[in-house]
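*Asks:* Keeping their order, the protein sequence lines are chains A and B. Sequential numbering of the first sequence, starting at 0, is according to numbering that gives the first Met the number 0. Sequential numbering of the second sequence, starting at 0, is according to numbering that gives the first Met the number 0.
Any given hint might turn out to be false.
One copy or two, it doesn't matter: identical chains are merged, so the pair holds either way.
[As the list claims (entries may be wrong)] Cut-off 27 Å, straight-line C-alpha distance, at most; resulting in silico cross-link-like pairs (BS3-like, lysine-lysine):
1) K337 x K48
2) K48 x K236
3) K324 x K416
4) K341 x K208
5) K228 x K328
6) K466 x K208
7) K274 x K301
8) K324 x K274
9) K141 x K324
10) K118 x K274
11) K425 x K118
12) K56 x K328
13) K341 x K110
Simulated from the structure, these hints should not be mistaken for laboratory data. Source: prediction; values computed, not measured.
The residues making up each chain are set out below.
2 protein chains.
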Amino acid sequence: MTDFEKLFFPRAVGIIGANNQDYGGGYFLNSLMGIGYDGPLYLFNPRLKGQELKGYKVHGSILEIPDDQPIDYVILAVPAKICPQILEEVGQKGVPFVTVFSSGFSELNNKELEDSLLKVARKHNIRFLGPNCLGLYVPKSKLAINRYQQANSGPLGLICQSGGLAIYLSQMGAFSYGTYSSKVISIGNQVDLNFVDFLKYFLTDDDTKVIGLYLENIKDKKTGQEFLKVVKELSLKGKPVIIWKVGYGESAKEAIMSHTGGLAGSEAIWKAIPKQTGACLVENSYDLVSLAMGFNYLSYPKNRNLGILSLGGGASIELTDLMEKFNLKVPQLAEETKEKFKEFLPEVNTIIRNPLDLGGSGTMMEVYYKSLLTLDSDPNVSTVVFNRAWNYSPEYTETIVRAKNNMRNQLVCVALKIADSVAEYKQKLRFKTALFNNGIPVFESIERAAKALDQMNTFREFLEKRKK
Amino acid sequence: MTDFEKLFFPRAVGIIGANNQDYGGGYFLNSLMGIGYDGPLYLFNPRLKGQELKGYKVHGSILEIPDDQPIDYVILAVPAKICPQILEEVGQKGVPFVTVFSSGFSELNNKELEDSLLKVARKHNIRFLGPNCLGLYVPKSKLAINRYQQANSGPLGLICQSGGLAIYLSQMGAFSYGTYSSKVISIGNQVDLNFVDFLKYFLTDDDTKVIGLYLENIKDKKTGQEFLKVVKELSLKGKPVIIWKVGYGESAKEAIMSHTGGLAGSEAIWKAIPKQTGACLVENSYDLVSLAMGFNYLSYPKNRNLGILSLGGGASIELTDLMEKFNLKVPQLAEETKEKFKEFLPEVNTIIRNPLDLGGSGTMMEVYYKSLLTLDSDPNVSTVVFNRAWNYSPEYTETIVRAKNNMRNQLVCVALKIADSVAEYKQKLRFKTALFNNGIPVFESIERAAKALDQMNTFREFLEKRKK
Numbered sequence: 000m001t002d003f004e005k006l007f008f009p010r011a012v013g014i015i016g017a018n019n020q021d022y023g024g025g026y027f028l029n030s031l032m033g034i035g036y037d038g039p040l041y042l043f044n045p046r047l048k049g050q051e052l053k054g055y056k057v058h059g060s061i062l063e064i065p066d067d068q069p070i071d072y073v074i075l076a077v078p079a080k081i082c083p084q085i086l087e088e089v090g091q092k093g094v095p096f097v098t099v100f101s102s103g104f105s106e107l108n109n110k111e112l113e114d115s116l117l118k119v120a121r122k123h124n125i126r127f128l129g130p131n132c133l134g135l136y137v138p139k140s141k142l143a144i145n146r147y148q149q150a151n152s153g154p155l156g157l158i159c160q161s162g163g164l165a166i167y168l169s170q171m172g173a174f175s176y177g178t179y180s181s182k183v184i185s186i187g188n189q190v191d192l193n194f195v196d197f198l199k200y201f202l203t204d205d206d207t208k209v210i211g212l213y214l215e216n217i218k219d220k221k222t223g224q225e226f227l228k229v230v231k232e233l234s235l236k237g238k239p240v241i242i243w244k245v246g247y248g249e250s251a252k253e254a255i256m257s258h259t260g261g262l263a264g265s266e267a268i269w270k271a272i273p274k275q276t277g278a279c280l281v282e283n284s285y286d287l288v289s290l291a292m293g294f295n296y297l298s299y300p301k302n303r304n305l306g307i308l309s310l311g312g313g314a315s316i317e318l319t320d321l322m323e324k325f326n327l328k329v330p331q332l333a334e335e336t337k338e339k340f341k342e343f344l345p346e347v348n349t350i351i352r353n354p355l356d357l358g359g360s361g362t363m364m365e366v367y368y369k370s371l372l373t374l375d376s377d378p379n380v381s382t383v384v385f386n387r388a389w390n391y392s393p394e395y396t397e398t399i400v401r402a403k404n405n406m407r408n409q410l411v412c413v414a415l416k417i418a419d420s421v422a423e424y425k426q427k428l429r430f431k432t433a434l435f436n437n438g439i440p441v442f443e444s445i446e447r448a449a450k451a452l453d454q455m456n457t458f459r460e461f462l463e464k465r466k467k
Numbered sequence: 000m001t002d003f004e005k006l007f008f009p010r011a012v013g014i015i016g017a018n019n020q021d022y023g024g025g026y027f028l029n030s031l032m033g034i035g036y037d038g039p040l041y042l043f044n045p046r047l048k049g050q051e052l053k054g055y056k057v058h059g060s061i062l063e064i065p066d067d068q069p070i071d072y073v074i075l076a077v078p079a080k081i082c083p084q085i086l087e088e089v090g091q092k093g094v095p096f097v098t099v100f101s102s103g104f105s106e107l108n109n110k111e112l113e114d115s116l117l118k119v120a121r122k123h124n125i126r127f128l129g130p131n132c133l134g135l136y137v138p139k140s141k142l143a144i145n146r147y148q149q150a151n152s153g154p155l156g157l158i159c160q161s162g163g164l165a166i167y168l169s170q171m172g173a174f175s176y177g178t179y180s181s182k183v184i185s186i187g188n189q190v191d192l193n194f195v196d197f198l199k200y201f202l203t204d205d206d207t208k209v210i211g212l213y214l215e216n217i218k219d220k221k222t223g224q225e226f227l228k229v230v231k232e233l234s235l236k237g238k239p240v241i242i243w244k245v246g247y248g249e250s251a252k253e254a255i256m257s258h259t260g261g262l263a264g265s266e267a268i269w270k271a272i273p274k275q276t277g278a279c280l281v282e283n284s285y286d287l288v289s290l291a292m293g294f295n296y297l298s299y300p301k302n303r304n305l306g307i308l309s310l311g312g313g314a315s316i317e318l319t320d321l322m323e324k325f326n327l328k329v330p331q332l333a334e335e336t337k338e339k340f341k342e343f344l345p346e347v348n349t350i351i352r353n354p355l356d357l358g359g360s361g362t363m364m365e366v367y368y369k370s371l372l373t374l375d376s377d378p379n380v381s382t383v384v385f386n387r388a389w390n391y392s393p394e395y396t397e398t399i400v401r402a403k404n405n406m407r408n409q410l411v412c413v414a415l416k417i418a419d420s421v422a423e424y425k426q427k428l429r430f431k432t433a434l435f436n437n438g439i440p441v442f443e444s445i446e447r448a449a450k451a452l453d454q455m456n457t458f459r460e461f462l463e464k465r466k467k
């Protein structure tokens, strides 16, 4: 297995093709400045030699750096056609890892240029990402691929065949789903390092607990087989792999060909993978991050049984209906649970059942609190789910957190959006943050919560079968 | 067909069981005050007789109101067991329409009480909604079922077997999807008036262009047959009926039994309805309102061909992938279109194809503008779809609106949420409002846009087949 220590935690970083713009090498410089990278950084650009950019001196060539100043990771942002020649210098300097940002290789049918790049890398034992990719976002070592990324580290490892989506998924996780990333890798054309290499790395990376993949294609059969093997190993280690595979339709397949230069593969093959490997397949970016949030905040549910709390008959039926659509169960309450409810619920407008519709009584915080705990106490319930459509007041927030801290089962929130309102939005952000801080995932739609709970159960079932 | 003129535009309204709280009759009083109801209003409550509530005198009984002061619509909010007796007085007064808010009838197995209610109604030719419902929200006549509802009227007619969802769907339409309601009807137990009566009304109601139904069950076979007939008539008149049917799973079915007291019906039967009638089936509240927004802002697409504009390879593939999953097409560009693009697009990082990935060039507003118009000019494209993940600046907003006003095809926006941010949210609200004002629907996820465009095409195809 490749030792990626120097890639993820480089002693020094170089940017070849640095400039003072927000594209090319300048883009990466701005990204590193944005996240607050504070390690040694070397900038290269013969045209700007001797100048300073963001307080760093610009050198003409990497060969100007003395031997006692090692550089572990270089970002190459120069025109495609001179990439092999510059990589030769990088090799002479003894750099072990490179991200080739430059595009214009096999995705534009320049296969020969790609081959010569690989040849130089092999000659010097360089391992490289790309070409045609953004490389690495590693919060812990303050490597970034976007100027708005932050240094908070979390459990999500992402590998993406799209730099844009690598940014977008990690930002979504961090800023909307309370789920930060450990390592984010944009792999581009995968001429040298491919996603299997990084999946293998995640096997032993303690920082990474759940993995998300955005995949357009797999290059060849051998890679495919290795891929299935490592995904299964990860599953069995309790590190779920969430795979978002795109490109089943004709136009998407063609777009993939010109994006990362590979074949997309048939839908039937992909649909068979979860059973073999434990992988979780999702169909869009939101579902990937929602499910990652589920794995981040929840332990695997003991079973598919939910206790549901809602305000309003229709709302409780919508929640139940969608949960059942995704193979979850809403069992009847035990007699002892009903008796407990009768002690504090008013008779009018409240029906003591699962789903529990609190109606107007749900506005009384003590009733809400007791209802969560009573559902939680039912012997048939393993996960309590509640939905909310408005009024995320501090009192309500406090009630939920207090309940969570006294529950034996896990708690899941679905926070719907009904009416756009800035005031409501602000309140909801505070609510979400408080829930995340207390280990409660907040889903943005019932369907996404249902899909996530379904897949988490399927993952547990996969593990149980294997352990028998 | 029932003449509902006096129900929707009553000369005077009465609330029986009025109080100064926010429940029971007081809830309705607050709702009418909230929307600014300014017609004649009579309040009744023997216990508060002679007092004033919100400036209105409280009477003991409706029989105290002289014959020359007709009341067309009464809301009955008294305990279930005295409902028949009070309805008798309402009948003597000659009131044609009543909403029975009170619950505690067949949904709690009190079938006899329900029967006696119906008997009184028949005796006096009263038509009533409910029991166990909220009745009517009619912006044009300022009838409301929630204190936050507004008097803006729009094309969406809603009929719901849940008062909570009647509020929630109409608020969602108005405040998140730029789609106001014409008439919203919460029908409850449907002992007298049922949803078929209102569907028939919508046939000739010029204010209503698209209809949404939240349905838990259909009472009997005869109603079912009438239902299919009127839905088909509405479709053929160009008024699409969006049906959100819940309760295919066991627990949802049971919850329905105790909510509105009826049987839910099998999934297979419901799945067959669209082909017979042109109805659009949806599976959750968001999809209902999203599709209603589609019908509100777009004419039926000429065909399933989309022109797609996106920034970033991965983002353009996600958009294409999901559109294809929902039976939409992303055809190749005509040669003439490619030539037009070559005139203004930079060669680097932009691939001239459909989906069009503008990459970094997409930040140049003139390029964005020209790209929309060029996609629009392609002979194979009938709908142009673009997505956006952040930066809803005023310049960008202006660019979209300007493009729309110069396009021959329709324009559809998907505005994604990546990172929670109050500043971004405020900007996005201004963006959405501007687009709604210019006839552009704004979907909140690609999947919802894809589902809506798919169903709008299916609806057009239904009409085309029938017209042959």
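*Asks:* Now tell me if each hint is right for this structure.
*Replies:* Outcome of the hint check:
When the C-alpha separation of K337 and K48 is checked against a cutoff of 27 Å, the pair qualifies neither within a copy, at 78 Å, nor between copies, at 40 Å. In this assembly of identical chains, the alpha carbons of K48 and K236 never lie at most 27 Å apart, being 50 Å within a copy and 73 Å across copies at closest. In the homo-oligomer, the alpha carbons of K324 and K416 lie at most 27 Å apart both inside one protomer (21 Å) and across protomers (26 Å), since each shortest distance falls under that limit. Taking the shortest Cα distances, K341 and K208 never come within 27 Å of each other, neither inside one copy (42 Å) nor across copies (46 Å).
For the homomeric pair K228 and K328, neither the shortest alpha-carbon distance inside one copy (32 Å) nor that between copies (35 Å) is at most 27 Å. Taking CA atoms no more than 27 Å apart as the test, K466 paired with K208 passes inside one copy only; the shortest distance there is 20 Å, against 58 Å between copies. Taking CA atoms no more than 27 Å apart as the test, K274 paired with K301 passes inside one copy only; the shortest distance there is 19 Å, against 41 Å between copies. Taking CA atoms no more than 27 Å apart as the test, K324 paired with K274 passes in both settings, with 20 Å inside one copy and 22 Å between copies.
Taking CA atoms no more than 27 Å apart as the test, K141 paired with K324 passes in neither setting, with 43 Å inside one copy and 38 Å between copies. Taking CA atoms no more than 27 Å apart as the test, K118 paired with K274 passes in neither setting, with 39 Å inside one copy and 60 Å between copies. With identical chains, the CA atoms of K425 and K118 are never at most 27 Å apart, being 54 Å at best within one copy and 51 Å at best between copies. For the identical chains of this complex, K56 and K328 are neighbours neither inside a copy (63 Å) nor across copies (52 Å), given an alpha-carbon limit of 27 Å.
Taking the shortest alpha-carbon separations for K341 and K110, only the inter-copy value of 24 Å comes in at or below 27 Å, while the best intra-copy value is 73 Å.
Of the numbered hints given earlier, the model fails hints 1, 2, 4, 5, 9, 10, 11, 12; all others are met.
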